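Student: Here the protein sequences come in this chain order: W, G, F and S. Residues 2 to 120 (my numbering) are what the first sequence spells out, left to right. Residues 9 to 336 (my numbering) are what the second sequence spells out, left to right. Residues 25 to 131 (my numbering) are what the third sequence spells out, left to right. Residues 59 to 151 (my numbering) are what the fourth sequence spells out, left to right.
Check the hints yourself; a few may be wrong.
Unchecked claim - Mimicking DMTMM-like on lysine to aspartate or glutamate, the simulated pairs with C-alpha atoms at most 20 Å apart in a straight line are:
# : chain 1 : residue 1 : chain 2 : residue 2
1 : W       : 33        : G       : 92
2 : W       : 102       : G       : 87
3 : G       : 115       : W       : 55
To be verified - Distance ranges between label pairs, derived from CB positions:
#  : chain 1 : residue 1 : chain 2 : residue 2 : range
4  : W       : 63        : G       : 161       : 29 to 35 Å
5  : F       : 88        : G       : 15        : 31 to 37 Å
6  : W       : 55        : G       : 262       : 46 to 52 Å
7  : F       : 30        : S       : 138       : 48 to 54 Å
8  : F       : 30        : G       : 261       : 51 to 57 Å
9  : W       : 112       : G       : 30        : 18 to 24 Å
10 : F       : 32        : G       : 297       : 51 to 57 Å
What the hints assert, rightly or not - Negatives, chain G to chain S, calculated, CB over 12 Å:
#  : residue
11 : 117
12 : 123
13 : 136
14 : 160
15 : 161
16 : 204
17 : 229
18 : 282
19 : 306
FYI, nobody ran anything at the bench for these hints, they're computed from the structure. Since the structure is predicted, the reported quantities are computational estimates derived from the model, not experimental observations. In this text, a Cβ means the ideal position worked out from N, Cα and C, and glycines have one as well.
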Amino acid sequence: MELFGLYNYWVFAIILMTGFYAVIAKGNLIKKLIGLSIFQSAVFLLYISMDKVDGGTAPIIQKGVIDQVYSNPLPQVLILTAIVVGISTTALGLAIVVRIKESYGTIEEHEIQELERNS
Amino acid sequence: MVILFAVFLLTLLVFTAVAIIRTTNLFVAVMLSGIFSLLMAANFFILDAADVALTEAAVGAGITTVLFLGALALTVEREQTVPDGRWVSISVVVLTTLVLIYATFDKPRLGDPDAPVHQHVAPWYLGQTPELIDIPNVVTAVLASFRGYDTLGEVFVVFTACIGVLFVLGARQENSQSLATPPISNTHGLRHHLIPRVVGRLLIPFIVLFGLYVQFHGEYGPGGGFQAGAIIATAMILSALLEGEAQALRAVPRSTLLGLIVVGPLLYGAVGLAGIILGGNFLDYSVLAQSSVSGQQLGILLIEAGVGMTVCGALLLIFHAFASREKL
Amino acid sequence: MMEIVVDVLSWTLLATGGAFVFIGGLGALRLPNFYTRMHAASLTDTMGTILILVGIMLQGGLSLATVKLVAILGFLLLTGPTASYALANAALLSGLKPEVPQLKRRD
Amino acid sequence: MYYIVSIAILVTMGLALIRALRGPTVYDRVLAVNMFGTKTALLLSVIAFLFGRPDFLDLALAYALINFVGVLAVLEFFQNHPNNKTSDQLDEV
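Modelling step: build the complete structure from the supplied sequences, incorporating the hints.
Tutor: Right under this line is the structure:
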């Protein structure tokens, strides 16, 4: 499967930049956060793509099976913790957005800037 | 053949991501994020990362959707379109994508056994885990023992994020009467929907049981504290959805949850300090029991329990913080 | 002999299950309005799930895997219809009326 | 044989995704998400056997147990916030 050897990385690049586009081009703060979590997922995909070994299986050692190739456990450990940390930090972002909505009455970036300028 | 499945799923992933960005309806974006998470989990599983796929399943299947919907309920559901400056961003993004894709040509192809990432510490972890710790799941071994310091940091990040949410949302709203009785708008939950209520009540014990299984079976199969915490938190969120916010808080009060997120990191740290007191290094579990191997296993059990408590308590507190806030 | 029977049976179940799942997907895509689409999706979901999981169970034999498959089947059978109910209810609550579409005849 | 079933499930996932992207109502999208969840649980169980590691059925079990929480959250969302419901039926993506 030489042809698809780099496909995961291309998808990583596209998803990463899709998320980045939402962060830089969208004015809505919740949309920015959704973009940020897509960006984050792309990074997860990059790491997990690196752990695969040909003919390997998940790094849970089977009893009585010798000469089994196992995939790399290290990227999995990093991403496993990052997923849970990701949702907690996204929640923090959402909490701040809720407070912004309560203070300014809007979560659109340009409207907030206008309110700031006029005050 | 399986790699073709992965290619198909990745292609769907790209379509989903683009659709999430293009829709102006935030509710739709949240729903599509659910599909995105499902695709991600399937991909992780095909790429041999069972533990990561279980984490994505535990977090993405319920909690992410519930939190985003909670935030949408407090804000707005539509975004306004601002067309100015769009082409600049698009060109920046396309250019960067092309540069990134150009850079991938230097990467080893997927599954290359000679890739640099497989040469460094990974073979050592895989080779030494049966000897030093003697548990089948190498991911748990690396997470809890070899890289325990790292995981301690992550637990504290979850803890800090939860404290942050409580600070930002826990403050008294101007129009509410007192802090002691937080305004609860949805006291009923889904109580008059009989079918979800009966099925949900039936399932909640099973979800908690499955969570405990994932927690304590984490050394032998995919699982561990992070996944178990998220699964048990999902069970509690389900009960809050069915019975109403107030009833859920009566069953598991806020003080219990606060206790959980405090005790979790403390337990983790205490296990680390116990290592120092017994003559080893910080987070060196070998000295905790008679033999080095059983000491390691005891240490992993304890810190996984700490992780599970922290994650469960933090996610539930975050959920309650969103759910009990009133829209202004 | 017994093994061949079990194998053939399980392959048949898997193939029928796959067909059901596919038909469900097709129905969810092609049918004219929301409630009909939900009908197609939820019905074939249930049937396809039963067939596929029983098919795999026959392959698994008497093992822990089969016990887990029974649990998966049981939970999917409980949650699937509940989710359909909740969804239909949400749609009704927000005023999406079920209506009979005027079928267009293709001449 | 597992391959054929997996391909059927994958194609169905594709169809469900098309339904999710096309809409037209938001409920169609929720329906597609729910379908997608069931199909993922099935796909994960089939692939666990395809890989010869049936101990990974835990994943499918997790989805079977908690995937419907999202749909219940949607019902709760529409029930408690009927004022700002997303009722525009012709929402184009």
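Student: Does each hint hold? Answer for all of them.
Tutor: Hints and how they fare:
1. 33(W) - 92(G): Answer holds: residue 33(W) to residue 92(G) is near 17 Å, not above 20 Å.
2. 102(W) - 87(G): Cα-Cα ~13 Å, so holds.
3. 115(G) - 55(W): holds (16 Å)
4. 63(W) - 161(G): 29 to 35 Å: holds (31 Å)
5. 88(F) - 15(G): 31 to 37 Å: Since the Cβ atoms of residue 88(F) and residue 15(G) sit about 32 Å apart, the hinted range of 31 to 37 Å holds.
6. 55(W) - 262(G): 46 to 52 Å: Hint holds: Cβ distance 51 Å, inside 46 to 52 Å.
7. 30(F) - 138(S): 48 to 54 Å: Once the Cβ atoms are compared, 51 Å apart, the range 48 to 54 Å for residue 138(S) and residue 30(F) holds.
8. 30(F) - 261(G): 51 to 57 Å: Taking Cβ atoms as reference, residue 30(F) and residue 261(G) lie about 53 Å apart, which means the hint holds.
9. 112(W) - 30(G): 18 to 24 Å: The hinted range 18 to 24 Å holds for residue 112(W) and residue 30(G), with Cβ atoms some 22 Å apart.
10. 32(F) - 297(G): 51 to 57 Å: Hint holds: Cβ distance 53 Å, inside 51 to 57 Å.
11. 117: Residue 117(G) is indeed farther than 12 Å from all Cβ atoms of chain S, at 21 Å.
12. 123: holds (21 Å)
13. 136: For residue 136(G), whose nearest Cβ neighbour in chain S is about 23 Å away, the distance exceeds 12 Å, so it holds.
14. 160: holds (26 Å)
15. 161: Correct as stated: the minimum Cβ-Cβ distance to chain S is 26 Å, above 12 Å.
16. 204: The claim breaks: residue 204(G) does not keep its Cβ more than 12 Å from every Cβ of chain S (closest is about 6 Å).
17. 229: Given a closest Cβ separation of 5 Å, the condition is violated.
18. 282: holds (31 Å)
19. 306: Holds: least Cβ distance 24 Å, greater than 12 Å.
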